[in-house]
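Novice: Residue-level listing of the chains:
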Amino acid sequence: MWEYTDKVMDHFLNPRNVGEIEHPDGVGEVGSLACGDALKLTFKLDQNHRIKDVKFKTFGCASAIASSSALTELIKGKTLEEAAMITNKEIAEFLGGLPEQKMHCSVMGREALEAAIENYRTGGKKKHELEGNVVCTCFGVTDKEIERVIRENDLTTVDQVTNYTKAGGGCGGCKGEIEKIIERVRGEKVTHEVLGPPAKGKKLTNIQKIQLVQQTIDEQIRPALRADGGDIELIDIEGNKVIVAFRGMCAGCRTAEFTLKDVVEAKLREFVTADIFVEEYKEP
Amino acid sequence: MKTIYFDNNATSKTAEEVLREMEPFFCELYGNPSSMHTFGGQISRYIRKARHQVADLLGCDESEVIFTSGGTESDNAAIKGVLAAIPQRRKIITTRVEHPAVLTTCRELANQGYNVVEISVDKLGRLDMDELEKQVDDNTAIVSIMYANNETGVLFPIEEISELVSSRGVVFHTDAVQVVGKMPLNLSKSKIDLLSLSGHKLHGPKGIGVLYIRKGTRIAPFILGGHQESGKRAGTENVPSIVGIGKACEIAGKYIEDENTRVKYLRDKLENGILQSCPDSRINGDKGNRLPNTTNISFEFIEGESILLLLDKFGICASSGSACTSGSLEPSHVLRAMGVPFTAAHGSIRFSLSRYNSEEEVDFVLEKLPPIIERLRQLSPFVAGK
Numbered sequence: 007m008w009e010y011t012d013k014v015m016d017h018f019l020n021p022r023n024v025g026e027i028e029h030p031d032g033v034g035e036v037g038s039l040a041c042g043d044a045l046k047l048t049f050k051l052d053q054n055h056r057i058k059d060v061k062f063k064t065f066g067c068a069s070a071i072a073s074s075s076a077l078t079e080l081i082k083g084k085t086l087e088e089a090a091m092i093t094n095k096e097i098a099e100f101l102g103g104l105p106e107q108k109m110h111c112s113v114m115g116r117e118a119l120e121a122a123i124e125n126y127r128t129g130g131k132k133k134h135e136l137e138g139n140v141v142c143t144c145f146g147v148t149d150k151e152i153e154r155v156i157r158e159n160d161l162t163t164v165d166q167v168t169n170y171t172k173a174g175g176g177c178g179g180c181k182g183e184i185e186k187i188i189e190r191v192r193g194e195k196v197t198h199e200v201l202g203p204p205a206k207g208k209k210l211t212n213i214q215k216i217q218l219v220q221q222t223i224d225e226q227i228r229p230a231l232r233a234d235g236g237d238i239e240l241i242d243i244e245g246n247k248v249i250v251a252f253r254g255m256c257a258g259c260r261t262a263e264f265t266l267k268d269v270v271e272a273k274l275r276e277f278v279t280a281d282i283f284v285e286e287y288k289e290p
Numbered sequence: 011m012k013t014i015y016f017d018n019n020a021t022s023k024t025a026e027e028v029l030r031e032m033e034p035f036f037c038e039l040y041g042n043p044s045s046m047h048t049f050g051g052q053i054s055r056y057i058r059k060a061r062h063q064v065a066d067l068l069g070c071d072e073s074e075v076i077f078t079s080g081g082t083e084s085d086n087a088a089i090k091g092v093l094a095a096i097p098q099r100r101k102i103i104t105t106r107v108e109h110p111a112v113l114t115t116c117r118e119l120a121n122q123g124y125n126v127v128e129i130s131v132d133k134l135g136r137l138d139m140d141e142l143e144k145q146v147d148d149n150t151a152i153v154s155i156m157y158a159n160n161e162t163g164v165l166f167p168i169e170e171i172s173e174l175v176s177s178r179g180v181v182f183h184t185d186a187v188q189v190v191g192k193m194p195l196n197l198s199k200s201k202i203d204l205l206s207l208s209g210h211k212l213h214g215p216k217g218i219g220v221l222y223i224r225k226g227t228r229i230a231p232f233i234l235g236g237h238q239e240s241g242k243r244a245g246t247e248n249v250p251s252i253v254g255i256g257k258a259c260e261i262a263g264k265y266i267e268d269e270n271t272r273v274k275y276l277r278d279k280l281e282n283g284i285l286q287s288c289p290d291s292r293i294n295g296d297k298g299n300r301l302p303n304t305t306n307i308s309f310e311f312i313e314g315e316s317i318l319l320l321l322d323k324f325g326i327c328a329s330s331g332s333a334c335t336s337g338s339l340e341p342s343h344v345l346r347a348m349g350v351p352f353t354a355a356h357g358s359i360r361f362s363l364s365r366y367n368s369e370e371e372v373d374f375v376l377e378k379l380p381p382i383i384e385r386l387r388q389l390s391p392f393v394a395g396k
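So the protein lines, in turn, are chains A and B. Taking our numbering, the leading residue of the first sequence gets 7, the next gets one more, and so forth. Taking our numbering, the leading residue of the second sequence gets 11, the next gets one more, and so forth.
You may find that some hints are simply not true.
Using 27 Å as the maximum straight-line C-alpha spacing, the simulated BS3-like pairs for lysine-lysine come out as follows [to be verified]: (1) B/Lys216 to A/Lys13; (2) A/Lys247 to A/Lys267; (3) B/Lys297 to A/Lys13; (4) B/Lys274 to B/Lys23; (5) B/Lys225 to B/Lys12; (6) A/Lys61 to B/Lys323; (7) B/Lys279 to B/Lys23; (8) B/Lys101 to B/Lys225; (9) B/Lys133 to B/Lys90; (10) A/Lys13 to B/Lys12; (11) B/Lys199 to B/Lys279; (12) B/Lys297 to B/Lys133.
Since the hints were derived computationally from the structure, they do not count as laboratory data. The structure presented is a predicted model; accordingly, all values stated were derived computationally and were not measured.
Model the full assembly from the supplied sequences, consistent with the hints where possible.
Specialist: What follows is the structure, given as structure tokens:
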């Protein structure tokens, strides 16, 4: 059973501002029946361009309904500029926190608000469109959205990104790509924060290198592939060339080439040495 | 607040008679049945009695009853034990709708290189028998197919399946945790080689189960370190729970008829009442071929966790196949395998009754549920108007 705060239960049992405004100034619709949660937000402005009235309708679990209700309370009386500053974190904090696996409910609230504001600014013409490239095809999540959630919530793992955006929670095929986005976003952060260049790794003996490669495969790479029903085997190491073979679901997978370069090679470069390159073993 | 427990496929109340039977085995009769002294040695008599009670319900020989820690252990032991005993065969056949105790085990074995085939089901949750027939071959080590589905209650034709599998010389296992005590069994007349059951699903204690192993079935020991349970499952016996599951089986035998008459009547009344009072609701699974105590109903346009939490406010306990209740993001694998639309799967609720339920409880749920459904539909953006 989920441990919901009293405030979540209060907003679930007594949701504020339920309904749909007739002739609204802005409408935002996100999610779908298939995804398991969806939210329709409508608002009306007063003559000072402040949100005079806002209503929601939500299909979803208790935390989705509570997040929607919280959102309407947070934005009432605000200008659109002020409302647009609200993050999913503020929605969750307003409710006294949400279970980690339910954070995507707060993200859905923020997305609906964004869509409604966009709809207002385009004179009611524009419906919400996905921005950026779709990474997770199961739940229709784009790289832009993932990047934003990583930044706003300071996320570091693929599981966290799944909890916050649902991306990677279906077939799991995009987990490698999510990992890349995390590295990219966190990489940016590192360059902002770290002053000097990172310390040079010390030179490895061949045996040390082989052990480290094997260890990296075991600990960093295999679990991710296993999650998708695949596996990897270390075949040989010649200098900086590492030869591996894909097994299980990975064997013959059309994205194996991608996995090879962007997961296996990237991980080995991160944990062993930067000049490693990886080749796939071909049956002689 | 009174609890209305309609979640008996998750776990069930331990019968008071079962608890009373177990009590002396904690502080008085606490000896180890393997001991040489009478104080310990006498305990084996009670274990024998329990084994007899289980065998009676299953219609098998006492020597074919192995006590385990529960249904999940029995499932794991059956599958892995057979694979270890027949290492040259590399194929496992199961279904897409198994309990995770079987499905996760098989998928892990697939990672280890076994060829795992998952047979599909149709819209009503019925097994594709043609596909099964095609798949059972000389390389197949074991076929593991559940007797009844825990989510929908749909029964598979296990007698027919076991005849087919056995005629090809392949070992057949069935997870029967939802069936034992609800349907009569006579294993001595069937071709089932291995069968799992669980104590807490039939008003016995938790942490105890049984693996039935037909005489002559090749299976490797699954826990080493002692002679207990014919050397198959070592470790000092969980005496109180063994006594408990024995008593639970004895009582269950007496209530099988009640399950199929009174409990079935209550389930049908609940189901029909809900379908009549809640528009856009539907049954998941083959209505004519189900456990007598289970119903799985989908409510369109609303989500299962919300329904459960509102029922909980009235002390009503049920389950859902929605994504949100499991912590995963996709709804029940069983409903998806049946091709139930996502829209209906997210709003699915399972009610599972037992002999401890009453007609007043059914009436209470029929009074409280429709306004909950109506209230959530008013919140839903997919319902027009209002």
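Novice: Does each hint fit the structure? Answer for all of them.
Specialist: Checked hints:
1. B/Lys216 to A/Lys13: violated (35 Å)
2. A/Lys247 to A/Lys267: holds (13 Å)
3. B/Lys297 to A/Lys13: The hint is violated at about 41 Å.
4. B/Lys274 to B/Lys23: holds (18 Å)
5. B/Lys225 to B/Lys12: violated (47 Å)
6. A/Lys61 to B/Lys323: holds (26 Å)
7. B/Lys279 to B/Lys23: Measuring from Cα to Cα gives roughly 22 Å; hence the hint holds.
8. B/Lys101 to B/Lys225: holds (23 Å)
9. B/Lys133 to B/Lys90: violated (31 Å)
10. A/Lys13 to B/Lys12: Roughly 25 Å separates the two Cα atoms, so the pair holds.
11. B/Lys199 to B/Lys279: violated (35 Å)
12. B/Lys297 to B/Lys133: Judged against 27 Å, a Cα distance of about 12 Å means the pair holds.
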